[in-house]
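Add chain B to chain A, keeping to what the hints say.
Now for the letters of each chain:
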Amino acid sequence: MSDQTMQDFKNLAPSNSQKFTQRLLPLVVFAVVVLMIPMFNPSSLVLTLLNVMGINIVFALSYNMLLGRGGLLSFGHAVYFGLGGYAAVHAMRMIEEASYGDGGFWASYPVFFLPVIGFACGALAGAVIGWPSCRRAGTPFAMISLGVAELIAAAGFMFGSIFGGEEGISGDRMNGPELFGLSLGPISEVYWFIAFWTIVGTFCIYAFTRTPLGKMSEATRDNPERVEFVGYDPQRVRYLVFIFAGGFAGLAGGMAAVQYEIFTPEAVSLAPSGMVLLMAYIGGIRYFAGPIVGAVVLTYMQSMMSDYSEAWLLYLGILFMVVVMFAPGGLAGIVAGLINGMRAEDRNERIGRWLTVSAGGLLAFAGLIVLIEVAVRWSNGYGEVFEPFGMHLPTASALTWALILIPIAAGVGLLRLAMKRKEEGHA
Amino acid sequence: MTTPALSITDLRKSFGPAKIIQGVNLEIEKGERHAIIGPNGAGKSTLFNLISGGYHPTSGSIRLNGTEIGGTKPYLINRMGLSRSFQVSNIFANMSVRENVRCGVLYSMGYGYSFWRNVGNLKEVQRKTAEILEKVDLLDKANLPAALLPYADQRTLEIAITIAGGAEVILLDEPTAGMSHSETERAVALIKQATEGKTLVIVEHDMGVVFNMADRISVLVYGEIIATGAPSEIRGDPRVREAYLGDEADALENGDAA
Chain A
1 MSDQTMQDFK NLAPSNSQKF TQRLLPLVVF AVVVLMIPMF NPSSLVLTLL NVMGINIVFA
61 LSYNMLLGRG GLLSFGHAVY FGLGGYAAVH AMRMIEEASY GDGGFWASYP VFFLPVIGFA
121 CGALAGAVIG WPSCRRAGTP FAMISLGVAE LIAAAGFMFG SIFGGEEGIS GDRMNGPELF
181 GLSLGPISEV YWFIAFWTIV GTFCIYAFTR TPLGKMSEAT RDNPERVEFV GYDPQRVRYL
241 VFIFAGGFAG LAGGMAAVQY EIFTPEAVSL APSGMVLLMA YIGGIRYFAG PIVGAVVLTY
301 MQSMMSDYSE AWLLYLGILF MVVVMFAPGG LAGIVAGLIN GMRAEDRNER IGRWLTVSAG
361 GLLAFAGLIV LIEVAVRWSN GYGEVFEPFG MHLPTASALT WALILIPIAA GVGLLRLAMK
421 RKEEGHA
Chain B
428 MTTPALSITD LRKSFGPAKI IQGVNLEIEK GERHAIIGPN GAGKSTLFNL ISGGYHPTSG
488 SIRLNGTEIG GTKPYLINRM GLSRSFQVSN IFANMSVREN VRCGVLYSMG YGYSFWRNVG
548 NLKEVQRKTA EILEKVDLLD KANLPAALLP YADQRTLEIA ITIAGGAEVI LLDEPTAGMS
608 HSETERAVAL IKQATEGKTL VIVEHDMGVV FNMADRISVL VYGEIIATGA PSEIRGDPRV
668 REAYLGDEAD ALENGDAA
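In order, the protein sequence lines correspond to chains A and B. Residues in the first sequence are numbered from 1 upward in steps of one, following my numbering. Residues in the second sequence are numbered from 428 upward in steps of one, following my numbering.
The shape of chain A in the complex, shown without the other chains (with noise of 0.2 Å):
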């Protein structure tokens, strides 16, 4: 092969400036947001929140190693969340027994490193389950995992011992050695240990993808007949994501035992399961920071919005099903495609249908939310009326109604047209 060749062939590899705004850029700016955060003094409040936001960042990029990167459904993920957790919860407390009993290793492992053991025993879990479950992908795959979180939500509520029943278990994080000077009393501590996880989390999921196994895991997802005829075994590759898979879910899991200091059986059930899924995938599945997105807001509607309607969960439904039917690239997607259309030529026309779209999305909202807040509170029959800037909106009133019904309409037009455009600039 000619020099020539060879010099064509890396200037088609991304150059090292485009590497380093591309993939290592997007990190950086992450992990100074990450670190200036403490700057601003936030509240306890508002720590909580994102330390929860941490969390489910690590746990959601474990999913979506499935899902987006492995085409691997699961409906049981927080199985291996659950597990690690546990784990780390049971090692708290041996720190804790260690420290004031006859010393021994438990006594001088510090706290701080709780989700190593959180991903070992998520680690562990997924090459046991992952054993028989990853032997088919798609539908048999979808319903063993589910097959797997029932059963471990059964054992949850059997095990005493070991999942402590309905009131869990719980631990003591101000144990064991200090490390970095963090007793990890208040939470602004435990900030940090959120914090250096995440990273952490974040980075080495991110460095799975670039490696031979983590292309093949998409070349998999993409084709595994091929991928058997290029010389790997499919099952294998899918047995080997499972089990990173579980690993970092279980990470995410000792960050959680830390956090919260007590596992209830909760956490195995497939509640958690079905949020990592929604997280992901509203986040946007075939984006690296999809998930990121996705854990993100889905976090802040579970503890903020439940402060403003009792009908949340109404509103995520309705999330998830837009982004399903109306944006496949999730929030993530629809940022890359603002970006990508801004730089297109036929700019002005895009930005165009974009005003249409968000003009006719918010109207059609608008008239949704009336209508689920006033039949919650005329569901719930303590008389209470929906009132929203001051005006007085009963079920019986006509205003009521074409408060609903107007906007509905006048969105769902507008949207057609937006709809009918696009059509029409294509054709």
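FYI, nobody ran anything at the bench for these hints, they're computed from the structure. It cannot be assumed that every hint is accurate.
[Said to hold, decoys possible] Straight-line Cα separation of at most 25 Å, BS3-like style, residue types lysine-lysine; simulated pairs:
{"id": "1", "chain 1": "B", "residue 1": "446", "chain 2": "B", "residue 2": "500"}
{"id": "2", "chain 1": "B", "residue 1": "500", "chain 2": "B", "residue 2": "625"}
{"id": "3", "chain 1": "A", "residue 1": "19", "chain 2": "B", "residue 2": "550"}
{"id": "4", "chain 1": "A", "residue 1": "215", "chain 2": "B", "residue 2": "550"}
{"id": "5", "chain 1": "B", "residue 1": "619", "chain 2": "B", "residue 2": "457"}
{"id": "6", "chain 1": "B", "residue 1": "500", "chain 2": "B", "residue 2": "457"}
{"id": "7", "chain 1": "B", "residue 1": "619", "chain 2": "B", "residue 2": "562"}
{"id": "8", "chain 1": "B", "residue 1": "562", "chain 2": "B", "residue 2": "550"}
{"id": "9", "chain 1": "B", "residue 1": "500", "chain 2": "A", "residue 2": "215"}
{"id": "10", "chain 1": "A", "residue 1": "215", "chain 2": "B", "residue 2": "568"}
{"id": "11", "chain 1": "A", "residue 1": "19", "chain 2": "A", "residue 2": "215"}
{"id": "12", "chain 1": "A", "residue 1": "19", "chain 2": "B", "residue 2": "568"}
{"id": "13", "chain 1": "B", "residue 1": "562", "chain 2": "B", "residue 2": "625"}
{"id": "14", "chain 1": "A", "residue 1": "215", "chain 2": "B", "residue 2": "562"}
{"id": "15", "chain 1": "B", "residue 1": "568", "chain 2": "B", "residue 2": "550"}
{"id": "16", "chain 1": "B", "residue 1": "568", "chain 2": "B", "residue 2": "619"}
{"id": "17", "chain 1": "B", "residue 1": "625", "chain 2": "B", "residue 2": "457"}
{"id": "18", "chain 1": "B", "residue 1": "457", "chain 2": "B", "residue 2": "562"}
[Said to hold, decoys possible] Some residues of chain B that are not near chain A, with every Cβ distance over 12 Å (derived):
{"id": "19", "residue": "446"}
{"id": "20", "residue": "449"}
{"id": "21", "residue": "648"}
We put the beta carbon where it would ideally sit given N, CA and C, even for glycine.
Chain B only, in chain A's frame:
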């Protein structure tokens, strides 16, 4: 005598009561270019699937360089130095052209399932990938998503993935199917160049391609090989002419497809 690259003895394959392959015997020498032709439904693709590990033989043996491979898993056969392409483009649609070829290269360079190395830093993998891309003339399209390639280029990529692992025995299943005349010519030149010095087994409907490329030809009809020989022998064989009716028989005679 040297061991044949591929040696098939009394190979049979049935799907329930349907006997698709009924006692195939075939020896292909190292470095030979061997074409398998036959009417539709003769069992050509089934034979390929048996050799490459997609199917288990009902009975009989398949030897690759003297080692029995009948019923072995495809990835194990691939590691032993046999690689195949597919009739329909079977590529990694969501990855770039470069990544597609790299997937074909990785295992053969010993990187297996490793998760502690950055693929971007594997110099010899990059070099080998570039070599393959240059060989098949896809270097200028290396960073395009594979799904966006025109059809003929997808077929070329299919061949690139097949040869990427450096296999000594290459099976190509209708590599020029659906191509225009000029695309076919280009593909034939490319296949000849890319499989230089290797053992090539090719299933093809285009008689022009077959007679242009093959050292020897086998004719498969109803799961049996009715004739094997040099192109000139096959052209004159009355049994072969009988198996082919109408246009294809004329094409066979002229050694040229419409």
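Of all the hints numbered above, which does this structure not satisfy? Sort the numbers upward. none
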